[in-house]
Amino acid sequence: MIKPDLSIDFVGIKLKNPILTASGTFGYGYEVADLIPLIKLGGIITKTITLDPHCGNQQPRTSEVLCGLLNSIGLQNIGIRAFVREPLKKLSKIGVPIIISISGSVVKEYVELAKILRDEQNIISAIELNLSCPNLKKMICKDLFLVQDVIESVKILSKVPVIAKLSPVTDIIELALFVQNAGADAITLANTYPAMAIDINSFKFKNPKILLGGVSGPCIKPMAIRCVYDTYKNIKIPIIGCGGIMNGKDVVEFMFAGATIVSVGTASLISPKNLIKILEEFESILTNKNIESVKEIVGICSTI
Amino acid sequence: MIKPDLSIDFVGIKLKNPILTASGTFGYGYEVADLIPLIKLGGIITKTITLDPHCGNQQPRTSEVLCGLLNSIGLQNIGIRAFVREPLKKLSKIGVPIIISISGSVVKEYVELAKILRDEQNIISAIELNLSCPNLKKMICKDLFLVQDVIESVKILSKVPVIAKLSPVTDIIELALFVQNAGADAITLANTYPAMAIDINSFKFKNPKILLGGVSGPCIKPMAIRCVYDTYKNIKIPIIGCGGIMNGKDVVEFMFAGATIVSVGTASLISPKNLIKILEEFESILTNKNIESVKEIVGICSTI
Amino acid sequence: MYRRLDKSYKVICNKKISTNYFKLSVKIDESIYKDCLPGRFFMINIPGVFLRRPMSIYHVKNNVLSFLYKVVGKGTKLLSNIKEKTLLNLLGPLGNGYNLKIYKKFNHVLIAGGTGIASISFLITKLKKGILYYGARSKKDLLFLDKFKKNWEVIISTDDGSKGYKGHITDLLSKRIKTEDVLYACGPNLMLENILYIAREKKIKGFISLEERMACGFGNCQGCAIMVNNEIKMVCKDGPIFDIKELYLNYNNSI
Amino acid sequence: MYRRLDKSYKVICNKKISTNYFKLSVKIDESIYKDCLPGRFFMINIPGVFLRRPMSIYHVKNNVLSFLYKVVGKGTKLLSNIKEKTLLNLLGPLGNGYNLKIYKKFNHVLIAGGTGIASISFLITKLKKGILYYGARSKKDLLFLDKFKKNWEVIISTDDGSKGYKGHITDLLSKRIKTEDVLYACGPNLMLENILYIAREKKIKGFISLEERMACGFGNCQGCAIMVNNEIKMVCKDGPIFDIKELYLNYNNSI
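Protein chains in written order, with the working numbering: chain G, 485 to 788; chain Z, 485 to 788; chain P, 2 to 256; chain C, 2 to 256.
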């Protein structure tokens with residue numbers, strides 16, 4: 485059996501394989517370099533960076549749910565200026581494509597972020613706009629005018645491709661089409677799903693403790709794959725598939741549904757080694773199925 | 485310790501406890517009478533009935549996913565006329581409130597359904613409009629004008645309360661407010677979530693087998709509870725909480741979040757006995773917490 | 002309606018009987034004993050998987066109910082690890098079972114493919130004599146061959162030719178089948194489709210046991226719907242045994 | 002940075018040592034042995050729950066690493082069922098560990114509440130003498146009492162008074178604490194808050210071990226953030242041991 489060609493072109497970026505880290509689950513990108521060979525990754529999507537430093541949300545921030553993780557971190561990060569000063573320099577030495585996830589609450593912040601990142605165009609491969617963080621006061625992708633403004637403003641400034649990370653909190657096909665028309669080069673589907681945990685044991689004379697956040701992990705996989713499938717049939721720009729990938733089979737499913745590449749999040753929190761395991765399993769499935777190139781399987785569920 | 489008072493008033497219906505069956509998971513309502521004492525249930529919500537008989541979707545119809553069940557039944561049923569002739573007569577003898585779930589593809593069908601059910605007003609306690617079945621060509625609750633038309637038309641005709649069953653495929657707070665303003669007496673949150681399964685083993689020279697459907701079970705619970713919580717704070721009409729309830733603790737969580745009553749679906753497919761187990765666990769939690777009446781806990785997460 | 006129970010029973014045996022094949026026995030209530038007929042099944046609750054799994058009755062005697070299963074996925078793998086004396090939750094017996102009344106005077110021709118041998122070999126215990134056609138992947142997948150001697154002619158095929166005829170068991174069946182025969186078949190879909198084709202062509206009567214994914218096993222999930230004689234039927238409730246003359250199977254488009 | 006490994010090790014012991022309390026031992030690699038310091042922890046992969054669970058090092062000797070845990074929920078229940086010789090996946094050692102360098106000349110006063118005794122009793126093995134304050138719910142929750150004799154004064158409290166002082170261990174601590182003491186504390190949040198209050202009031206130096214929900218244990222999930230000296234710190238990476246003077250704990254509003 486011949487080893488499959490895992491390399492793939494994504495919005496002009498040459499990736500040696502389609503498996504990346506997901507934003508917000510892999511720190512700034514280099515912290516676990518002692519645990520896994522980062523060079524094996526298809527690419528790294530950083531945690532979401534904002535213009536100014538963010539201290540994030542109060543405790544509690546996480547809760548385990550059935551087959552998933554509920555979190556409300558609230559984009560804790562050191563801010564773009566500190567980020568380009570040190571973490572980005574470290575990231576650039578890894579030798580894999582780097583995608584910077586950014587977020588803001590108004591268009592002006594995105595513009596500032598895009599300007600600062602323009603000076604790093606040789607280091608970064610793309611910008612991912614986190615338009616769907618469920619832990620901010622307002623989820624940007626619920627406001628189509630704001631979405632359009634953000635994408636258009638960043639596109640004008642950016643010298644690298646711009647990816648929009650979305651969530652199916654509204655009709656996902658309409659949203660994806662809208663984002664495509666606004667000029668996004670690709671979309672990421674899907675972010676965590678708005679969810680909640682209630683600690684009924686904490687209820688006595690006071691209100692029970694609750695955690696409002698976004699849920700990730702295998703519990704959302706069937707829904708995230710459906711988003712990719714529905715969207716793939718309706719748009720022309722490529723998709724980063726994301727949501728509960730735990731093994732190589734899951735990667736194949738996302739790609740069959742229409743994802744050109746995928747990003748792995750929660751699995752890497754459980755163990756960074758899962759990224760390598762997923763890659764190996766993925767390669768082995770393709771080998772067993774005699775698939776010569778990973779490019780053959782993208783969107784195969786929708787081909788006639 | 486004193487036994488808590490489990491009885492509750494829901495849109496004028498007196499229920500002896502807040503635990504009902506969920507539409508589409510309990511047949512016409514009486515088929516498992518040999519396995520559990522149906523009289524113990526708070527009420528029965530029937531499978532969704534349409535004007536004309538429906539043969540439902542092709543195989544495959546179900547697939548197990550992690551912590552959940554993906555289904556695409558497609559509202560298979562014998563049609564309202566056959567339903568009122570026999571199943572409804574049997575249902576009426578059980579002695580618990582009966583809620584009839586109905587669905588149509590155009591307003592006219594809802595009107596016909598409502599007319600036929602008007603003759604059964606002494607037998608039925610309420611009508612639940614299934615506006616969110618993910619397995620029809622068009623999900624009604626994505627079309628706000630249609631939603632309004634349906635609710636208004638049925639409300640004019642119906643002599644019993646009208647409940648709208650919704651799904652968070654669009655902004656759920658906006659949708660719930662809209663439904664309230666259209667005249668619905670209550671809402672059910674949430675229906676199954678649009679999802680997908682792909683059988684990668686079936687891929688050889690042909691496309692892989694896929695199942696597009698809606699996912700239910702504990703994997704959606706944190707999301708469904710969030711829907712209830714977000715909606716409760718914004719509307720005045722009561723909520724039937726639904727989505728992945730597997731035990732008494734889950735019922736408490738839904739009620740803490742804002743549900744006045746709940747409906748149990750997938751758990752009863754695994755075993756009808758789970759309905760009784762859930763009721764007993766629920767009662768025992770309330771007893772241990774010295775809660776005198778179930779009415780005290782509704783929406784307690786949102787009280788200051 | 003006969004009695005069905007949703008109850009936990011003690012596992013008295015769960016052992017490997019051949020490569021990947023296990024026999025599971027539980028001690029059941031006397032009240033359901035007489036209704037555990039060939040062709041009926043139980044829904045088995047396997048801790049660790051979400052839904053129960055349907056499993057045909059393989060044997061019942063002295064209130065001991067047995068199943069035969071092959072370890073193929075996560076559910077059966079977990080089931081195979083269950084220890085003796087554990088309590089296992091079962092719902093059943095479910096389904097209609099083989100109809101032995103209407104073609105009493107015909108020659109009994111039983112066809113089993115793979116684990117289909119479970120319900121077929123149980124059926125054999127209720128019949129005096131006949132022919133058993135039994136196909137499997139290879140020699141090591143053939144079970145209980147020593148059991149079927151008396152009054153039963155046993156015809157074997159394997160996919161790899163390691164025992165008996167090399168090829169489909171239905172190849173052999175189609176050559177020897179006669180109009181005085183009545184067929185009872187249980188096995189993979191491809192085999193059943195072949196049998197339907199043969200039976201229709203040669204106008205042979207009989208019954209086949211269908212398999213379809215089920216979430217509940219008692220009709221409420223409506224997951225196992227198939228088209229029978231232009232009517233929707235539930236494999237779990239109206240079947241799993243169907244009269245050949247009513248079935249038009251096409252597994253890519255079964256409704 | 003010291004060495005941390007993400008690896009499976011063989012369980013060589015997992016036994017109940019008292020009501021609900023278990024001791025788990027695994028044979029680890031020599032390469033991480035010397036970095037298994039008191040106050041550090043491992044993330045333990047328990048099959049059946051989604052996330053790994055953090056657990057303080059209780060003991061390490063001859064490449065055998067031990068943990069002490071109480072069965073409280075689904076995860077610890079499943080862990081308690083794990084048999085000897087099973088391979089268990091661990092990530093660690095993680096965290097900073099107790100700082101034993103800066104207050105060498107002070108009197109060592111160690112305070113343990115409940116399972117906090119695990120990391121505290123490991124710390125004792127590294128110190129020559131001192132006082133151990135040890136509080137638990139009741140007599141049966143007090144562990145290893147016979148171990149701490151030599152050069153260690155042991156002061157006990159229980160919530161129900163079944164052994165030692167009836168009440169909070171911090172009541173006893175506040176009466177006897179002196180400025181020449183350095184505190185090392187591990188236990189429930191309420192106890193730690195009391196210790197912070199006492200230490201601040203009486204200007205006592207020391208360290209406490211914090212617990213916070215963690216999804217990953219190595220800084221990437223950012224779930225265990227707390228405010229330390231007006232800066233956000235991760236309990237898993239920057240802690241779990243923090244200097245008392247930098248902490249302003251309020252568990253309802255920790256950032």
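It should be emphasised that the hints constitute simulated quantities derived from the structure, not laboratory data.
Cβ coordinates follow ideal geometry from the N, Cα and C atoms, glycine included.
A few of these clues could be false.
With a cut-off of at most 16 angstroms between alpha-carbon atoms, the simulated EDC-like pairs for lysine to aspartate or glutamate come out as follows [to be verified]: (1) K599(Z) <-> E636(Z); (2) K733(G) <-> D683(Z); (3) K102(C) <-> E85(C); (4) K238(P) <-> D518(Z).
Now the stretches of chain G that chain C is said to cover, found in silico as 3 or more residues with beta-carbon under 8 angstroms [said to hold, decoys possible]: (5) 507-513; (6) 516-524; (7) 536-548; (8) 603-612; (9) 635-646.
Going down the list of hints, with the structure as the test:
Under the criterion of a C-alpha separation no larger than 16 angstroms, the hint pairing K599(Z) with E636(Z) is consistent with the structure, at around 14 angstroms. Restraint check for K733(G) and D683(Z): the C-alpha separation of about 10 angstroms stays at or below 16 angstroms, so the hint holds. For the proposed pair K102(C) and E85(C), the alpha carbon gap of about 37 angstroms is over 16 angstroms, so the pair is violated. A distance of roughly 15 angstroms separates the Cα atoms of K238(P) and D518(Z); the hinted pair therefore holds under the 16 angstroms criterion.
By the rule of at least three residues with a Cβ nearer than 8 angstroms to a Cβ of chain C, the coverage given for the stretch 507-513 of chain G holds, with 3 such residues. With a threshold of 8 angstroms between beta carbons, the proposed coverage of the stretch 516-524 of chain G by chain C holds, since 3 of its residues qualify and at least three are required. Closer than 8 angstroms: that is the beta-carbon criterion, and the stretch 536-548 of chain G has 10 residues meeting it against chain C, so the requirement of 3 holds. Coverage of a stretch by a chain is defined here by at least three residues with a beta carbon nearer than 8 angstroms to that chain's beta carbons; for the stretch 603-612 of chain G and chain C the count is 0, and the condition is violated.
Here the stretch 635-646 of chain G counts 0 residues with a CB under 8 angstroms from a CB of chain C, which misses the bar of 3, and the coverage is violated.
The structure does not agree with the numbered hints 3, 8 and 9 stated previously, though it agrees with the rest.
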